[in-house]
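One line per chain: the protein sequences are G and Z, in this order. Heads up: the first sequence begins at 0 in numbering that gives the first Met the number 0, then just goes up one per residue. Heads up: the second sequence begins at 0 in numbering that gives the first Met the number 0, then just goes up one per residue.
Hints were generated in silico from the structure; no laboratory data involved.
Taking CB as the label site, the calculated pair distances span: (1) Z/157 with G/153: 33 to 41 Å; (2) Z/16 with G/269: 40 to 48 Å; (3) G/153 with Z/12: 30 to 38 Å; (4) G/13 with Z/0: 44 to 52 Å.
Covered stretches of chain G (in silico footprint by chain Z; criterion: 3 or more residues with CB under 8 Å from a CB of chain Z, positions within the stretch not fixed): (5) 122-134; (6) 144-152; (7) 226-232; (8) 260-267.
A partial selection of chain Z residues facing chain G, derived with a Cβ cut-off under 7 Å: (9) 13; (10) 18; (11) 272.
All values reported here derive from a predicted model rather than from experimental measurement. Cβ coordinates follow ideal geometry from the N, Cα and C atoms, glycine included.
Spelled out from the first residue to the last, the chains are:
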Amino acid sequence: MDAATNTPPVRPSRLAEFWRYFRENRGAVIGLYVFVLFVLLAIFAPLLAPYGPTEQMRDNTLMPPAWQEGGSWAFPLGTDPLGRDMLSRLLHGARYSFFVGIIVVVVAATGGILLGLAAGFAPRWIDTIIMRVMDIILAFPSLLLALVLVAILGPSLLNAIIAIAIVLQPHYVRLTRASVMNELSKDYVISARVAGARLPRLMFITVLPNCLAPIIVQAALSFSNAILDVAALGFLGMGAQPPTPEWGTMLAEAREFILRAWWVVTFPGIAILVTVLAINLMGDGLRDALDPKLKRS
Amino acid sequence: MLRYFLARLLTFIPTFIGVTLISWGFIRVLPGDPIIVMAGERGLTEDRYNELVTQFGFDQPKLVQFWNYLTGVLQGDLGQSFVTKRPVWDEFFALFPATLELSIVAIIIAVVLGVTAGVIAAVNRGKFLDRALMTSALVGYSMPIFWWALLLIIVFSGNLGWTPVSGRIGLQYFFDDVTGFMLIDSVLSGQKGAFTSAVRHLILPSLVLATVPLAVIARQTRSAMLEVLSEDYIRTARAKGLHPARVNGLHALRNAMIPVITVIGLSVGTLMAGAILTETIFSWPGIGKWMVDSIFRRDYPVVQGGLLLIAVIVMVVNLTVDVLYGLINPKIRKR
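Given these sequences and hints, build the entire structure.
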């Protein structure tokens, strides 16, 4: 209790300030709620799903959703060509999407921030080398690069994650470097230097926290990009492999049935769209809340 | 200006070498023997294996191999396709017009609709129209376009029967390539109905490909317009009693277009990535589909050559945008 009262009031108020700005953006708050709902569905998928994601009920193939003629509430969103329950597969699919999003963001952001800091603090020639390498990666369209990487590493969800993390990383490097460059000439950094702070302290404790705002916004963006790209790779047959209930892979399997069974195509796509939309709405809210230029003082 | 241009050009060279190194290195550095992979399940006799190793030069030192590849590339030699035995260069440029046509139509759709939507949203800031447009833009931006393509096929090809599902033109039409652009060639051929057929084939793929750039351009135009609309000279123009349409359309939009042009240039990468999905779904015979097919066939010379050429195209477009930007905005040149 004492510890709590002793902490300076700056931190909680900063969070409160952030929340105040974030809340002003109604879309962002809706996005946040949808996102939390999806996270909960993903976590509790095994408890919520009426069937196993790969359980085949051969007597009930291509059942339409419950509200349509011929549907049954035993399969609320219908079944796929192999008689698997769509709802159960979609719920389990949410786990893959969030897993992918989190791993990609963590890997790409960690690598990107470290390289960006290095480029910002290091001598000019190291900076040049790092940035040229990033330029080279950025010259390739991300999906194409990921596709080729996965084709060579072998199609699997893990390889798709590695490929997408590599492809998204240069954005973090550029952002971090630009922010670092901006901060380096400021008085507080110079005074920390004069006070004898060593390089690691300067990098991670003095400068990095002040560079985080654009990186957090970028994290939201790449979270949704990662989900889209992994679904695209799955759709092209280079991501998660059947029978994994990954949403893009489900769409690929459903392709030949598009004109006969709309639900096998529609629902996985809606799941991807709603998730990505929710995250992008949150991203917009984060940008508004964290970007000082738009703040009304 | 010349100095700025030369400086930009100088950074192009190391990036080009790097891009070549990556396209070339993928197959050699990453695990998996390309020759074994290529042979597939049939397997190879040891003699044939050694023969192929010599044929592809895999027995030479890596540096020599890369040097040979790089000098070959500079002379327009990207090797031969394993499957068709035709030069990769020829295959690329035979298919490229299809992708170019699709991309040009898509970018026109994206710019026209995107800029219009952005301006309307900015002028009606905070009103219902603004919110509706920007929500649609965010939905478009979040859209998994491969799913969007399937939906459009269900509605327009399946239910309504308005558009064909695949290809560039109806099978009953046949004429020689003149420009490689189906829209132009079909008119030149003089065959009745050929142009309509080409348009009907083009409309869905180009809409799908335009979706994400359209959303990005609409959002960018809106924020650029808002920024410009708060400037003093706009207030002056209004105070002078100029017609609002003239203020918004002429004074504001012209300056708001500067950042928008950059976005348009940068969406070339997005277009190429989108072309991969769009062309695969609509069986559009362009670069994207060719790359995906080659990846599945393990046709490595095509994969590395295509990767390199696509990257070079993206780089050239970015360089052009940078130079144009320098022409429009002298402040940039100083940096």
